[in-house]
Every structure is written in structure tokens, then in C-alpha cells.
Amino acid sequence: MPQLIKIEGERASTVDDLFTFVADEDAVPAAGDVIVTLARLSSEGDALLSSGRRVGVRLQPSDAVEDLAYDLGALAVIELAFAKFRDGRPYSSARVLRGRLNYQGELRAVGDVLREQALHMVRCGFNAFEPADGSTAEQWLAAAHRYRHVYQRAADDREPVFVERAQIASGLGHNRPDEVGV
Amino acid sequence: MYRYDSLDKEMLTDRSNEFRHQAARRLSGEITEDQFKPLRLMNGLYLQLHAYMLRIAIPFGTLNTKQLRRLAWVAKTYDKGYGHFTTRTNLQLHWIKLRDAPDILDALAEVDLHAIQTSGNCIRNITADPYAGATADEIDDPRVWVEAMRQWSTNHPEYSYLPRKFKIAVTAAEKDRAAIRSYDVGLHLRRTRDGELSFEVMVGGGQGRTPYLAKTIREHLPAGRLLSYLDAVLRVYNRQSRRDNIHKQRIKILVATLGVEEFTRQVEAEWALIEGADIDLPDTELARIRAAFMPCAFDPQPASSPVFEAAKADPEFARFTRRNVHPHKVPGYAIVDISLKVPGETPGDASSEQMDLVADLADAYSQGEVRINYTQNLVLPHVKLADVPAIYAALKPAGLATANMDLITDIIACPGLDYCTLANARAIPVAQSIAKRFADPERAEQIGDLKINISGCINACGHHHLGAIGILGVDKKGEEYYQLSLGGSGGDDAELAKILGPAMSGPAIPDAIETLVETYIVHRKDGERFLDTVRRTGLQPFKEAVYASAD
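So the sequences go chain by chain: A and B.
Just remember that my numbering sits 795 ahead of the position in the first sequence, which is counted from 1.
Just remember that my numbering sits 53 ahead of the position in the second sequence, which is counted from 1.
Hints were generated in silico from the structure; no laboratory data involved.
Source: prediction; values computed, not measured.
Each residue gets a CB set at the ideal place from its N, CA and C atoms; glycine is no exception.
Careful, some of the hints might be misleading.
Residues from chain A that face chain B, not an exhaustive set, calculated with beta carbons under 10 Å [said to hold, decoys possible]:
no., residue
1, 871
2, 891
3, 912
4, 945
5, 956
Calculated lysine-lysine pairs in the PhoX-like style (CA-CA distance at most 25 Å, straight line) [said to hold, decoys possible]:
no., chain 1, residue 1, chain 2, residue 2
6, B, 578, B, 551
7, B, 301, A, 879
8, B, 578, A, 879
Model the full assembly from the supplied sequences, consistent with the hints where possible.
See below:
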């Protein structure tokens, strides 16, 4: 069975992927959890979502996540496909899903998913990964934690440098003996 | 000037460690060259014709002397003892070994320098007016806002894999010395009638094979909302731009395709939904940055200096003061340009010894601060008038006292086919041959302001679209040819240059320039610069003169 890396806070684990992806040209299996394309979700979504199994969707980089707004509560998982690791559209899709559409469920990165992009993916709100480079959960977690600081707020809960500075200045932050500010 | 605090320094250390790790994975074959390429580019490392090139960021074009000396040391230790200052106020070292790169980045990080996002399809190092904080005509120090944007754009999780590179420039003075309309985003800071700081936001400028000047999408953006507004611009770009044709993926193409009204509508709609409070810097952080850019106190000086005036008895020094010395906001002080355009030398190159000397002079006379101008020259921003003669005397034997700012020999040129894999033709020898032809400083001054820009290929790193005379290297059946255009400018009177006629061979170029200059002198009216005459008469007289003499 294919496997997935899942990240929860500071922990990473490898789990079995219980879903089957169904391409548009294939028939939906009679039973079992499935992930379908946006096209199939639009045409067969009502029937699938009421068939007593878990249903997810896989979006391509050009698909608009806003199209999922009405189904978000019913979807068990959303996959955003990286056509090439250099195609950065899924990062924006993830930010809109998390920040604007308030999607709380599992958000998977699939396709050309590489360890060197783990930090950006985690920060944009992905919490499940199908690495194309054979990375282990530990390697993935380590890559996502290479930086002690971040400069901007994102979909994770890390506070940016300017907040850390303010906390240090007011004595609430880490107790640092070195110089603060400029 | 701004100093990195412990948090900024830890970011640099982590970045350096990350790259060391990535380079090791590449060298062991764990990741492919295709996977490594964007990673090394985002750390400034290009593979060029003969070696790796490292492009080091000089944020807001400002260096302290410790940093400049470190650059000199790195150039001497890991390269051939010189560096090349670029039109984006970076420093390029052209003869680097990949295995040395992590050590170089460590050495740079020790003095708060880095190569982060100097290349790759991300938000690049952001540039500003080289006279920031020193010129009388600015309403705020633009570097405050550049630093705010540096933080926001560094390692941005959403915008590190954009369709193409993304460049931002800022000016806060009426005179645009940063060529902001040739940028993906150009920002012009002004005060509104009620005294509030506000940005005019221009989007979609760029050079390359499809040159555009940026168009205004917002006249008045409250300055404190800059970052969230940029976030909206970037999100629209990242989501809507084409990704199927590398030549059509800059934001200028998206703006041109959608039309500026529709693009603006999408940005405003996106901005209305963005949580600005999460993105815009709090006033306390802006105040902290602003405090860091306050110059040291200026000793009160008389508005004029007898030493300075007396030194003008030397006509060469007098010329230096006319071309390279500019008014400072504080009476009795001046801004001094240091030309890296010695006729016959490579435009923008400085040796390690020259860098060390400029650092010494900055320590002695300019509050320890040096600037890089996008015209590929250096600047001492805070100089007492009385000290200018001593500076001139020290610069002269080092080949740094050429009095040619904005003159015909102050040529902007890219590295061209001598270094670059993209180039069709060499740029440096063409620049050298023109500069040698006009090396007589008296004649150059009589010709007056005349910007020549040379690019070795259509990617336009030498900004040939923005030259009063633009020269573009093209490949004509395996031979290097050069196409002339006239009438461009990147300043307040920004316009794209127009092609003059068929391309010509490299050796024909100095004669053609000579003909253009003679034609200008025949047609010029009182006080007209070359650019003014070209714009008034049109290209016709110039075209006739150049191609008639070529027949």
C-alpha cells in the first residue's frame, strides 16, 4: 500500500494511504475511499459524497481552489498536484484554502514533491506529503525545520521575526543576552 | 546604517547551512542538476561560460567598510582579485568554484552579506536611490521600505517559485535615480497633501525581448500598507501568469494581456480579501528600522569651503567637481561619485585594492558608508566639501578619479559574451572602443550628458532600451553584430529607445557613435542634451547621417 508522510506540529509519521486516486478515464471502484479530479467531483460529486465512503479531490495547478468552496465540509482530503516542483501555483492554492476558505482538513502535496521544498509546503499549510524523492518522515521534518526564524506569517503558527523582536524588547521573549534591535 | 540583529544573523547562518547541505547533496548525486539549479540560483550561483559566477546582494546598494573590505578579500581569495558591480547594485565574482561557494557564503555572512535571492524565479534583491539619506530632494529614506520588503520577501513560502524573476525598486526623491519604471514593480514614495507617506505603485515594467515601462495601478497607497498590497500583486501574478512559455512569464506580459484595468481590478479584489494585519509591519518595527537608517550626526560646516574652492585651480579637479560631486542635504557636505568607467577598462569592474582604498576613504571621510549606483559606479554619500580635494588626490593614482558621470564614457555594459552563456555578442570590448574614442575628457564634457547602454543579448542586462544610445549585440550568421537605438531613458523622462536601422559590425560602432555625436552637435539648441535633441528632431537626421556614411 502506498505511504504518506504526515506532519502534526513537531511530529512526523509515515502512514498507509487508504485512498485510491481515480483518473477521469477510469471507473470509480464499487467501494473504498477515493480521490477524484475536480471534473469528476463537479459531475458526480453529490452521488459520491452520499455513497458512504470518504471522498477527496485532486486539483491541478491551474484549478481554482475557490471552486471547492461548497464541498469543503464534505471532503475528506484535498490533494494539490505539483506538475513540476518549479511550478509554484499550489503554494498559493494552499494559502487560499487555509487562510481564506478556512479549510481545516488534510492537505496533501502530490506529484513532483521534493524535500528541498518541504519548508515552503509546510508553511503554506500542507500537512501530508507524497515525496517523489523517497524522503523519510524524519528527513522531511528536518528539512522543514532548518530555519530558527521566519520573516512572515503564513498558514503555520510560526511568529515572524518582527514579533519575536517585539517580544524580546518587552522582556517576554527568550532571554537573550546578545544585542537586540540595532 | 542598518545592522542585522541576532535574529537576522541566525537567518543568515541557517541559510548558509542549508545551502552547504544542498550543495553536498548535489555533489553526492543525491539530487539532480535540474533539482539543484533553482536552489543554487536562489543563492546567487550561476553556471557561466568558464566557471561558476556568484552574485552577491548589496541590499539598498549600501555597504559599510567592513563589508566592502570583506568583498575585496573574497575576490582576492576565491576569485581573480576583482569584482564586477552590476546594474542591479550587486557584486558579481565570475571565477568561482562550486566547492568554495559554501565557505564564501559563510565568510560573507560574518559581515551580514549574502547572495540570497540574487537570482532565480523569486523576489530579487531590492534596489533604491543610491543617494538615499544624503540627497536634499527626498521626502523619506527609501531604504526603510526596502528593508521592510527585504524581510517580507526573504524565504517567502508562497513566492519562492514564481513564474519568473521579480524585481522591485524604490525611490523617494522627485528625480528617479533608480530607473523604477523599468521594474516589475516600481515604487515612488511621496507625501499626500495632508502629509501622509504614500506610494505610487507601478507594475509591469521590464526589459528583455519585450520591453515595457511599468504602468501605474495605484496613485496613492498608504505607505504602511505596502507589504499587503505587494502580497496581492504577487498572488495575482503567481496564480494567473502563464507557465507554458518562459518568454511570456514575466508580470509585464500578464499586465499587457489582461490590460492594466483588469489587472488592477484583480489586485484590488485580492487585496480587499487579504488579512493586511498579518502582513503589514507594525509601526514599532517600522520605527526600529527607521531609527537604524539615521545617519551619524553631521559636524556643522560652513556652506562653502575655501579649501575646496582653491583646489579648483586645477582644471582636472574642477572637472571632477562638475561631474562627480553633487549637493548634499546638509550644507557644507557633498555626495561624491567614484567612476568605475575608466576609458579602456571594463565598466563596473573594481579590483580588491580599489575596494580596500574606497573603504579606507569612506572610513576617513564618509561616515564609513559606501553606495553602489545602478550605473555601475560607487558613491561616497556623506563627504565634507573641505575633504573632497584629499579624496580626489587619493583616488587619482588608483585610477578612480575619472570625471565622467553621465557622460559618453560612463557606459553601462553587461558582461556579455566574454562571460555569459546567454550572450550573442561581446559587450565589454565595444564599451572599451567607444570610451577610448571619446577619452579626451574635455571633449566628452562638451558633448555633455549622454547615456550609452550596451547589452550582449536581448535579455538586456545592459539596459540598452534605456540608453540615449542603446547598443544590442545580435548574432548574424555566427558573427557579432550590433543594433543601435536612440532616445531611451530610465529616469523621470523614461522612454524606450527606438531602433535606428540595420545592425553593424563591432569595428564600425565607434565611427557610428562619432557620427551620431556630430549630428547632435549640428542640431542641438541651447542647453539641449543629446536625448532632448533626438526626441525633438526624431530619428531621421541621425539615421541619414549614420547610414549615409556607412554606404
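Going through the earlier hints one by one, which of them does the structure break, listed in rising order? As far as the earlier hints go, 1, 8 are violated by this structure, in ascending order.
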